[in-house]
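Novice: Add chain S to chain L, keeping to what the hints say.
Chains as they are written, first to last, in the working numbering: chain L, 1 to 460; chain S, 1 to 302.
Everything labelled a hint here was simulated from the structure, so no lab data went into it.
Take these hints with a grain of salt, some might be off.
In silico SDA-like pairs for lysine to any residue, Cα to Cα no more than 25 angstroms straight-line [unchecked claim]:
1) L/K249 x L/S211
2) L/K266 x L/D224
3) S/K155 x L/L440
4) S/K155 x L/L65
5) L/K131 x S/W38
6) L/K131 x S/L39
7) L/K131 x S/A30
8) S/K155 x L/L441
9) L/K266 x L/V174
10) L/K266 x L/P320
Computed from a prediction, not measured in an experiment: that's the story for all the values here.
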Amino acid sequence: MPTPTTTPPPTGGEPGQTPAPGQEKAAAAKRGSALRSRPWLAALFLLPALVLLGALIVYPIGYSLVRAFLDQDGSGFAGFDNFNEVFTDDTTLTAFRNNLIWVIVAPAVCTALGLIFAVLTERVRWGTAFKLLVFMPMAISMLAAGIIFRLVYEQDPDRGVANAMWTTVHDTFVDTAPWPEARPRPDAPLRASGDGSYTTRGTVSAADPASIPLVGIPPRETADALPAERAAPGGKGEITGTVWQDFVKGGRSEHGVIDQNEKALKGIEVEAVRDGRTVATAKTGADGTFTLPAKAEGAHLRLPGSNFEAPYGGVDWLGPTLVTPAIIGSYVWMWAGFAMVLIAAGLAGVPRELLEQARVDGAGEWTVFRRITVPLLAPVLAVVTVTLMINVLKIFDLVYIISPGATQKDANVLALQLYLESFGGGANQGVGSAIAVILLLLVVPVMVVNIRRLRRESRR
Amino acid sequence: MTTLPDVVRGKRSPAARLASVTGHWAVRFALIVIALLWLTPTAGLLSSSLRDPADISISGWWKVFDLNGSFPWILDPDQFTWSNYDALFQNEQVMDSLLTTVLITVPATALVVFVGALAGYAFAWMDFPGRDWWFLAVVGLLVVPIQVALIPVAKLFGWLGIFETTTGVILFHAAFGLPFAIFLLRNFFAEIPRELLEAARLDGAGELRLFLRVVLPLGGPAVASLGIFQFLWVWNDMLVALIFADSTNPPVTVALQQQVRQFGNNIDVLAPGAFISMVIPLAVFFAFQKQFVSGVMAGAVK
Numbered sequence: 001m002p003t004p005t006t007t008p009p010p011t012g013g014e015p016g017q018t019p020a021p022g023q024e025k026a027a028a029a030k031r032g033s034a035l036r037s038r039p040w041l042a043a044l045f046l047l048p049a050l051v052l053l054g055a056l057i058v059y060p061i062g063y064s065l066v067r068a069f070l071d072q073d074g075s076g077f078a079g080f081d082n083f084n085e086v087f088t089d090d091t092t093l094t095a096f097r098n099n100l101i102w103v104i105v106a107p108a109v110c111t112a113l114g115l116i117f118a119v120l121t122e123r124v125r126w127g128t129a130f131k132l133l134v135f136m137p138m139a140i141s142m143l144a145a146g147i148i149f150r151l152v153y154e155q156d157p158d159r160g161v162a163n164a165m166w167t168t169v170h171d172t173f174v175d176t177a178p179w180p181e182a183r184p185r186p187d188a189p190l191r192a193s194g195d196g197s198y199t200t201r202g203t204v205s206a207a208d209p210a211s212i213p214l215v216g217i218p219p220r221e222t223a224d225a226l227p228a229e230r231a232a233p234g235g236k237g238e239i240t241g242t243v244w245q246d247f248v249k250g251g252r253s254e255h256g257v258i259d260q261n262e263k264a265l266k267g268i269e270v271e272a273v274r275d276g277r278t279v280a281t282a283k284t285g286a287d288g289t290f291t292l293p294a295k296a297e298g299a300h301l302r303l304p305g306s307n308f309e310a311p312y313g314g315v316d317w318l319g320p321t322l323v324t325p326a327i328i329g330s331y332v333w334m335w336a337g338f339a340m341v342l343i344a345a346g347l348a349g350v351p352r353e354l355l356e357q358a359r360v361d362g363a364g365e366w367t368v369f370r371r372i373t374v375p376l377l378a379p380v381l382a383v384v385t386v387t388l389m390i391n392v393l394k395i396f397d398l399v400y401i402i403s404p405g406a407t408q409k410d411a412n413v414l415a416l417q418l419y420l421e422s423f424g425g426g427a428n429q430g431v432g433s434a435i436a437v438i439l440l441l442l443v444v445p446v447m448v449v450n451i452r453r454l455r456r457e458s459r460r
Numbered sequence: 001m002t003t004l005p006d007v008v009r010g011k012r013s014p015a016a017r018l019a020s021v022t023g024h025w026a027v028r029f030a031l032i033v034i035a036l037l038w039l040t041p042t043a044g045l046l047s048s049s050l051r052d053p054a055d056i057s058i059s060g061w062w063k064v065f066d067l068n069g070s071f072p073w074i075l076d077p078d079q080f081t082w083s084n085y086d087a088l089f090q091n092e093q094v095m096d097s098l099l100t101t102v103l104i105t106v107p108a109t110a111l112v113v114f115v116g117a118l119a120g121y122a123f124a125w126m127d128f129p130g131r132d133w134w135f136l137a138v139v140g141l142l143v144v145p146i147q148v149a150l151i152p153v154a155k156l157f158g159w160l161g162i163f164e165t166t167t168g169v170i171l172f173h174a175a176f177g178l179p180f181a182i183f184l185l186r187n188f189f190a191e192i193p194r195e196l197l198e199a200a201r202l203d204g205a206g207e208l209r210l211f212l213r214v215v216l217p218l219g220g221p222a223v224a225s226l227g228i229f230q231f232l233w234v235w236n237d238m239l240v241a242l243i244f245a246d247s248t249n250p251p252v253t254v255a256l257q258q259q260v261r262q263f264g265n266n267i268d269v270l271a272p273g274a275f276i277s278m279v280i281p282l283a284v285f286f287a288f289q290k291q292f293v294s295g296v297m298a299g300a301v302k
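Bound conformation, chain S alone:
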């Protein structure tokens, strides 16, 4: 620490300094090993997705490296082929399922953000009887497991005629995304300086205008966090889609899940399929890490 005088630092014995240097290298080495360990499963999927089905069935994906050669191992690019991906792009079912995923994810995300922002604004800046109690009730719903709703909502959707439709999936996701959305946005909106809102009021802005023109733009960071969070959550969902989506035109998670039953013989379909389904979430993750992380933190830590 810079606040410590150098005299104090100088007190450390040479042995202690040596220990700290070796400790440093040990830490680095350990982190590299852990990083490789963490990367290996994904590398396996990627490598498998790029290999010929005949190769997949007789040898491990790591055989794309020449393990007998000297370290660092040489990657043998001849073993890679785009044929699995070509086949996948020709596969209409898979392409349709990706489209279905988009058609579910985008509206579900927009709905949660918009409806959540409306309610969050009302909880933060509008006056109505029992406001705090209503908000407590919403907070109570934060941890309700979706399993509680599966059977009743299936019945309800059946009665409404939207069981096994994209609409049903969207509504279900919207409902279960809302408690977090309201909670997050209300707390963020509440911190907007009151003077700003009052000034807008004096200028004659109505409630809706205030919401659309002042609160929503100022809430940008929180809205972005929420949107990314919700987008990933819906894109990656399998259980809700398994029950509520149209089984003849399911989103990509369910389409791949149907393939898992024959696991072993269809890695040439599963591996590239899984990888394609990961591309969008990973792109979103890398593009908006900061917002994603702050969304995660808002969810868990004070």
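In isolation and in its complexed conformation, chain L is listed as follows:
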């Protein structure tokens, strides 16, 4: 949940509830003299809050500040050793670096997307429905979001939707091997010739169409293929031949002969190779036949390895290099809606007339956006970014849930390291406290800004 970063707030309740500005100011002025002077009663009203805050926030801050300078079991003074360890130990250093990536990237992406969404939805009638949809992930737990994205990022393109989409895009632009499982029988007239390719043992001639039998393909994959055709001898000295599946499920099949019901293998690339040089290439048609020009006469035929490459398996999202960006992606999914809602509220306060005037003056949409909308929204954008930074600084659940055991160390962040170090078997509360103190120091500037703003407001 968002932590407040500025004061004073607004209104608390519905926008309509805000009193008129004059009234507000008057109320503030009168409040200075308060109602009645009965300090003991005030103390009674404040007591429960002060006890909870004192015991569970203020005292712990003091404790952590001290504990961070004590050694592992808390009995001796350790100076800056714990802090030293945070910045020298590989594990914590990785955590620190990842935290830095998080704090820079995640708020920036969320704010940018939030701004785009807010501007786009302004002009669409169903903008509210869109906002509701994008904002919805904020209501669910990071645990649930983590499980959702573990599913999204599953490696197998048949299970994880990210890789399913990615491989679909990839396969649209890159040719995929048509028959990855195909291979010749040992007694076939083919031999393996490196890089997964196969070459005929003999040479080809125009008079004698080549037969290239392959096996190893699951029959269900060729169920829709045409029956293989014996190639007719080519005219004008052309070389012809057939590539087919030399196997019939449950039927009799003579090795090396195109029997009835044996299926053609379409789309296989055939190269004619002479003296190690490729002189011609062709692709098999739907009936399994191919035709090479006459210059292939007397060459060996080779089926290059690209015909048999394993299919593209997609991206290793949760592998060591991509795990942090992938988890940041899930955070953006959760929090872009937060940025969008706040920016949309800010956008509602931008004077319409100003925008319309600029448009009438001939400014394009992009210019209006860049020169007027964004500068006017700058304070809101700053607040959103800072709020998200504070939130991201403490990121824990998503990293803990989404990163698999094998790459948890690559995805590590400070809050996770603190947990592992102090409660997850690390048993070094000195280092844990040092991390806690570092996190606290990082939010001190925001704390100071909050307090100064409030003082300025109340003085006015």
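Specialist: Chain S alone, transformed into the frame defined by chain L:
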């Protein structure tokens, strides 16, 4: 804008008008694509939770649509089954964990609202020495990361004998919810017209009566925002429960987290479990969007 004379509008060239129309369609198209993209992960969870474990392990959840058929794709309802949910409802551990979540969330929310309102009232309408300084101190606590308190409070709770108990979790949440609660309610209460309070005073209402009968009801919208906010925050928490809750009877987030270790083989438990854990927050969110959004805004924007 309505204030512009039609003459001015008429000046736009046909080309500009065409650009604005195509731009409109481009915007709509982009928004639809983004909406689908945003919906996909959740749809994946829901679909997975409704499929047979055997189906989950061999094919993607999107196979519930007949992708080979013509667009729009046809949903194949035969692939859905309630068996995962049936199994989940039979699973006592999961049901107990949901109960634990409720037993933590409701008191923690009530405590924050009540204690926060008392303090907010004192800061807004009562006079005591150093009032503004105390309030500044509370504002300073707004951004304190909970990580600072984990180790010391674990020690403190151990000493008090409430480590790994529901009470401990409730108190921890209450404490960290308070700065925001006090901040929000004090600012809201301060805007109650002074005359109203004075009139009640003249009628002889005591301080407590004033608080319960006048200030709390008038603070309704802010109290509602705060309550919803706090409810979702506590319901969705995992870290605090991971450390401070009874590990043999944890809330649902921790119970599911324990299952994540075997991710891959137990999607038939994880997916419906995660979905069940989302139902209440989502219901609260949709029922009280307005209050939730205003709570979020109060937290961040001026």
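Novice: Run every hint past the structure and note whether it holds.
Specialist: Evaluated hints:
no.	hint	verdict
1	L/K249 x L/S211	20 angstroms, holds
2	L/K266 x L/D224	11 angstroms, holds
3	S/K155 x L/L440	19 angstroms, holds
4	S/K155 x L/L65	15 angstroms, holds
5	L/K131 x S/W38	11 angstroms, holds
6	L/K131 x S/L39	12 angstroms, holds
7	L/K131 x S/A30	14 angstroms, holds
8	S/K155 x L/L441	22 angstroms, holds
9	L/K266 x L/V174	18 angstroms, holds
10	L/K266 x L/P320	39 angstroms, violated
Taken one by one, the earlier hints fail for this structure only at number 10.
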